[in-house]
Amino acid sequence: AQKVTQAQTEISVVEKEDVTLDCVYETRDTTYYLFWYKQPPSGELVFLIRRNSFDEQNEISGRYSWNFQKSTSSFNFTITASQVVDSAVYFCALSEEGGSEKLVFGKGTKLTVNP
Amino acid sequence: EAGVTQFPSHSVIEKGQTVTLRCDPISGHDNLYWYRRVMGKEIKFLLHFVKESKQDESGMPNNRFLAERTGGTYSTLKVQPAELEDSGVYFCASSQDFGGYPYEQYFGPGTRLTVT
Chain A
1 AQKVTQAQTE
11 ISVVEKEDVT
21 LDCVYETRDT
31 TYYLFWYKQP
41 PSGELVFLIR
51 RNSFDEQNEI
61 SGRYSWNFQK
71 STSSFNFTIT
81 ASQVVDSAVY
91 FCALSEEGGS
101 EKLVFGKGTK
111 LTVNP
Chain B
1 EAGVTQFPSH
11 SVIEKGQTVT
21 LRCDPISGHD
31 NLYWYRRVMG
41 KEIKFLLHFV
51 KESKQDESGM
61 PNNRFLAERT
71 GGTYSTLKVQ
81 PAELEDSGVY
91 FCASSQDFGG
101 YPYEQYFGPG
111 TRLTVT
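Going down the list, the protein sequences come from chains A and B.
Under the working numbering, the first residue of the first sequence carries the number 1, and numbering increases by one thereafter.
Under the working numbering, the first residue of the second sequence carries the number 1, and numbering increases by one thereafter.
This is chain B alone, in the form it adopts within the complex (with noise of 0.2 Å):
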């Protein structure tokens, strides 16, 4: 079974561009969550997607942050305009269907963006 993989692993942008992250959970995983670790600081939630809709989003930095998940396959997190704060390892993670219960979070390799 594939894992969670994000793509690309490495981006380098400079202030201002816009990037665009990619998220694919694993086959069947309804769930699929977004983090953020900044360099020397904790891995932080961004939001959780069930299938294709928003269901926490409340860590989302600031409206320069989108993200999609259309069908409720894989997601996509942009950030335009991009700031130098919004360095650090974004990483997705995906889960079965909890029904109230936390399944396991199950996390791909991160991408790693760097603002210069």
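Chain A on its own, in the form it takes in the complex (with noise of 0.2 Å):
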């Protein structure tokens, strides 16, 4: 079975410190996609990444970076120099290959950046 956990709920920083996100998933294919969606205060949820799980490199995108490694299943979620416009929630979720690739989704973290 398919399963996402994000394990901290809410996460609150001051501008310019870094956070990561974590995500841990569980998944009995071989073939899977990892993503990563934020969603802020207007609702919807906005892609950030997708990864397959043959890809473990580490990939940076400004001050994003996310860290995917298949030994412990995770595929943690970094933002350096957080920012005000950083706060909303953020979403881990996972594909596997084949059928209809619908998203499985963790819980969610919120994040709240304070200037």
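What the hints contain is simulated information worked out from the structure, not anything from laboratory work.
Treat each hint with caution, since some may be false.
Cut-off 30 Å, straight-line C-alpha distance, at most; resulting in silico cross-link-like pairs (DSBU-like, lysine-lysine) [unchecked claim]: (1) B/Lys44 x A/Lys70; (2) A/Lys38 x B/Lys78; (3) A/Lys3 x B/Lys44.
Distance ranges between label pairs, derived from CB positions [stated by the list, open to error]: (4) A/Asp29 x B/Glu68: 24 to 34 Å; (5) B/Leu66 x A/Gly62: 39 to 49 Å; (6) A/Glu56 x B/Glu14: 48 to 58 Å; (7) A/Pro40 x B/Ala2: 40 to 50 Å; (8) A/Glu56 x B/Gln80: 44 to 54 Å; (9) B/Thr18 x A/Glu17: 40 to 50 Å; (10) B/Val50 x A/Asn114: 38 to 48 Å; (11) B/Ser9 x A/Thr112: 29 to 39 Å.
Note that beta-carbon positions come from the ideal geometry of N, C-alpha and C, so glycine has one too.
Could you fit the two chains together into a complex? Lean on the hints.
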């Protein structure tokens, strides 16, 4: 069965601090895909990244970076030098190969960046 | 390019009434998904259309929920009769034809349904 766990329910930091959002997943498939989405106060989910199970390279996009480790079934997300605009709920999700490619989501982590 | 749109943004109905939610996907996206987030819980998959066909409806909670996608364009999700536990935020998402590889899903802002 697929499962995504985001143990951190809420995180509060001060602007310019670095913050890491944890994501641990469970799947029996050898081929799968991991995603991060951001949900700002406006409500829509904004796609941030997709990573497939064969690519364990870490990725950096501006202040965002992702650390994918199959050995620990984790796909953590780090925001460097956080800004107030980063305040949002962040969701980690998993999709397995084949079938409908439905996303299985974690419960989300609410990040508040204070000025 | 217009994003995924959903209507209404918020609906308040009484138990036993009927509500219809609408989703307009991004133009050209064959895949359309419905998800739901009940208060305090995960966002959960409801069903997936490929064009007008239901690819996977394993997440539909019961037969009070009916989804349609006539002509492979917009989709509607009808709840009849609504129960208290149906309250939550209903998200629609769309993606390109994946051919076995899952493209990212683009989500709408959601419809907040409150059943009283």
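Results for each hint:
For the hint pairing B/Lys44 with A/Lys70, the CA-to-CA distance comes to about 24 Å; that is within 30 Å, so the pair holds. At roughly 27 Å between alpha-carbon atoms, A/Lys38 and B/Lys78 fall within 30 Å of each other, so this suggested pair holds. For the proposed pair A/Lys3 and B/Lys44, the alpha carbon gap of about 11 Å is at most 30 Å, so the pair holds. For the pair A/Asp29 and B/Glu68, the beta carbons lie near 31 Å from each other, so the given range of 24 to 34 Å is met.
For B/Leu66 paired with A/Gly62, a C-beta distance near 43 Å keeps the hint of 39 to 49 Å intact. A/Glu56 and B/Glu14 have their C-beta atoms about 52 Å apart, which keeps the hinted 48 to 58 Å range intact. Evaluation of the 40 to 50 Å hint for A/Pro40 and B/Ala2 yields a failure: the beta carbon distance comes to about 18 Å. At about 47 Å, the beta-carbon gap between A/Glu56 and B/Gln80 stays in the expected band of 44 to 54 Å.
The supplied range of 40 to 50 Å is met by B/Thr18 and A/Glu17, whose beta-carbon atoms lie about 48 Å from each other. Remark: the range hint 38 to 48 Å for B/Val50 to A/Asn114 is upheld by a beta-carbon distance near 44 Å. A C-beta distance of roughly 24 Å is found between B/Ser9 and A/Thr112, which places it outside the suggested range of 29 to 39 Å.
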